[in-house]
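Protein chains: 2
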Amino acid sequence: MTLNTATPAALIALDWGTSSLRAYLLDHAGRTLCVRPLPWGIMRLPQAQPGQASSAGFEIAFDEACGDWLREQPGLPVIACGMVGSAQGWREATYLDVPVELSGVAQLMTKIERAGQPTIHIVPGLIQRGELPNVMRGEETQIAGILATRPSDDADLLIGLPGTHSKWVRVRDGQVSHFDTYMTGEVYAALRDHTILGRTMNSDAPADAQGFARGLAVANRPEGRAGLLSTLFSTRALGLTGQLDGNAQADYLSGLLIGYEVASVLVSHRAQGALPHIVLCGQDDLCQRYVQALRLYGADEPELAPHATERGLWHLAQAAGLVPAVAN
Amino acid sequence: MTLNTATPAALIALDWGTSSLRAYLLDHAGRTLCVRPLPWGIMRLPQAQPGQASSAGFEIAFDEACGDWLREQPGLPVIACGMVGSAQGWREATYLDVPVELSGVAQLMTKIERAGQPTIHIVPGLIQRGELPNVMRGEETQIAGILATRPSDDADLLIGLPGTHSKWVRVRDGQVSHFDTYMTGEVYAALRDHTILGRTMNSDAPADAQGFARGLAVANRPEGRAGLLSTLFSTRALGLTGQLDGNAQADYLSGLLIGYEVASVLVSHRAQGALPHIVLCGQDDLCQRYVQALRLYGADEPELAPHATERGLWHLAQAAGLVPAVAN
Chain A
1 MTLNTATPAA LIALDWGTSS LRAYLLDHAG RTLCVRPLPW GIMRLPQAQP
51 GQASSAGFEI AFDEACGDWL REQPGLPVIA CGMVGSAQGW REATYLDVPV
101 ELSGVAQLMT KIERAGQPTI HIVPGLIQRG ELPNVMRGEE TQIAGILATR
151 PSDDADLLIG LPGTHSKWVR VRDGQVSHFD TYMTGEVYAA LRDHTILGRT
201 MNSDAPADAQ GFARGLAVAN RPEGRAGLLS TLFSTRALGL TGQLDGNAQA
251 DYLSGLLIGY EVASVLVSHR AQGALPHIVL CGQDDLCQRY VQALRLYGAD
301 EPELAPHATE RGLWHLAQAA GLVPAVAN
Chain B
1 MTLNTATPAA LIALDWGTSS LRAYLLDHAG RTLCVRPLPW GIMRLPQAQP
51 GQASSAGFEI AFDEACGDWL REQPGLPVIA CGMVGSAQGW REATYLDVPV
101 ELSGVAQLMT KIERAGQPTI HIVPGLIQRG ELPNVMRGEE TQIAGILATR
151 PSDDADLLIG LPGTHSKWVR VRDGQVSHFD TYMTGEVYAA LRDHTILGRT
201 MNSDAPADAQ GFARGLAVAN RPEGRAGLLS TLFSTRALGL TGQLDGNAQA
251 DYLSGLLIGY EVASVLVSHR AQGALPHIVL CGQDDLCQRY VQALRLYGAD
301 EPELAPHATE RGLWHLAQAA GLVPAVAN
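Here the protein sequences come in this chain order: A and B. By the numbering used here, the letter at position 232 of the first sequence is numbered 232, and the numbering carries on one by one without gaps. By the numbering used here, the letter at position 257 of the second sequence is numbered 257, and the numbering carries on one by one without gaps.
Isolated chain A, as found in the complex (with noise of 0.2 Å):
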């Protein structure tokens, strides 16, 4: 594929995870040329031949991400961030420990060296040590680019990233402080698919906001609180009695589970003090999830960030000097 294009590339930036791998090819301002979403995640590669090198299911997912980019266009530097660092991943990168600056993370990149081919810049993930220790492989990414583009002057921030594993993240003067990870997309998959609760839902059914709302409120209601284990099973004895729809319980469960993880984090941080700025960083329609249950339990409106993944791979690669850093 020619890029029909008269603005030279500048950088390749692989946004690579568990289940899915996206190229985004920037010009010399970091603006988006070309988005290539591909399913290639680390745990769904495409098949290689056998008698392969172990790293080449990676090989052909890079070639159909971005081979004909650097065909066209030799030399172009290429970052990556995300699973494709993890002990799964193609090469296992380094994590630093919190509290950390971001601007460090561009300075302890993990190289993968081919002969003759482009070397890839994997950005390191962060840890968080301790009895409950912690960690993220891609999300320091996407702090990263909002922080980029914030102004210097915003001291305290609580970022939200909705997702599989929700991640939330404490900035204070620059530095990430502190985060939690919550399972809440992946548990959700698990109770739908493989428990009872599934049985009685009407999987097809259009999204319900009536139903989502109202497992958003028994989430912070008294009796909520003894507790997801005890409220899940409501999903199921609401239907039972005729109280909920089929059409609805996918929705509701949703509810219950996205308000105990937004509830959990507004008690654990309010604890500290007021609570700060919010932004939040996802897919839209989840992201509009998380704006509701933060409206229902008290919170300020949160601030949402599109195209945080490209923006901190784009800063990142500046500051490791991967690209010039120009203004932009």
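Since the hints were made in silico from the structure, they are not lab data. From a predicted model like this one, the values you see are computed outputs, not experimental measurements. Cβ coordinates follow ideal geometry from the N, Cα and C atoms, glycine included. Treat the hints with care, as some may be off.
[As the list claims (entries may be wrong)] Which bits of chain A does chain B cover? Going by a derived footprint, with three or more residues having C-beta under 8 Å, they are: (1) 172 to 182; (2) 234 to 243; (3) 255 to 262.
Model the placement of chain B on the given structure of chain A, informed by the hints.
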């Protein structure tokens, strides 16, 4: 199979749940002459022939469970409890509203009458109506069995029935006054088998008491109170940082989940005054996990109640007049 016993039987009692069926043959004093465990839960019935009635799977399972007993001693009364009385069961049995005295249960049996065959009496379930309703089928019989063998001046009890869907039942003045359902067992299986947490677990490892105790402790710590959705991920993160071996991760997760369940039960019942005497009924090894949690969280030593199901079926059969109400 002949019974090889001189004692005539008085009752066939079936504990017929979602995943298994246990048939008991009891004598005139309620003593167990024979127990027959079968895999024919209502969701796993034997395959009927094409063209047979929808109840054929139940008929085949019933005949395997107790057909020979009935041929040897025709006219034996038959009582059954559990999901066999659900909408997906052989015949939908009624629900009684709590608060309720369990003697009332015996008056509202649902009968399956079959030409030339003995009538099967299905015990009604219990329902707790309200904005967060709750239901049980089968546990009411275990509660009846526990209460039938206790001094009647035991005014206030908290009965825990650990399992796929744990029930915690408050009994006041001989009445079931309130109950909650915790989906702990089913959530554990869904998380272990269908999320990333299972990837680093060694599923063949023997039980790891230390891992379990550590999960219990985390669920009770201030950070643990951030809730299950957040601390779940520590199962993986502790593994990634070399702090929790793959052999211990399944039991750590079990400790987390049982810990949240028990902590929630204790909080909600302590909020109503002094904690009543606790009775546990369920599989031995599972009950031992709950005993450990109750001890760690400062509850008095619970009592274990074995054989509650067959005691309950016998007691309810007496109350319904299916067998003579002699002292036993």
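Subject >> Verdict on chain B covering the segment 255 to 262 of chain A, where coverage means 3 or more residues with a C-beta closer than 8 Å >> reply: holds (count 3)
**OP:** Take the segment 172 to 182 of chain A, compare each residue's beta carbon with every beta carbon of chain B, and decide whether three or more fall closer than 8 Å.
**Re:** With 3 residues in contact (Cβ-Cβ under 8 Å with chain B), the coverage given for the segment 172 to 182 of chain A holds.
Subject >> Residues of the segment 234 to 243 of chain A with Cβ under 8 Å from chain B, three needed, outcome >> reply: Answer holds; 6 residues pass the 8 Å Cβ test.
Checked against the numbered hints given earlier, this structure breaks none of them.
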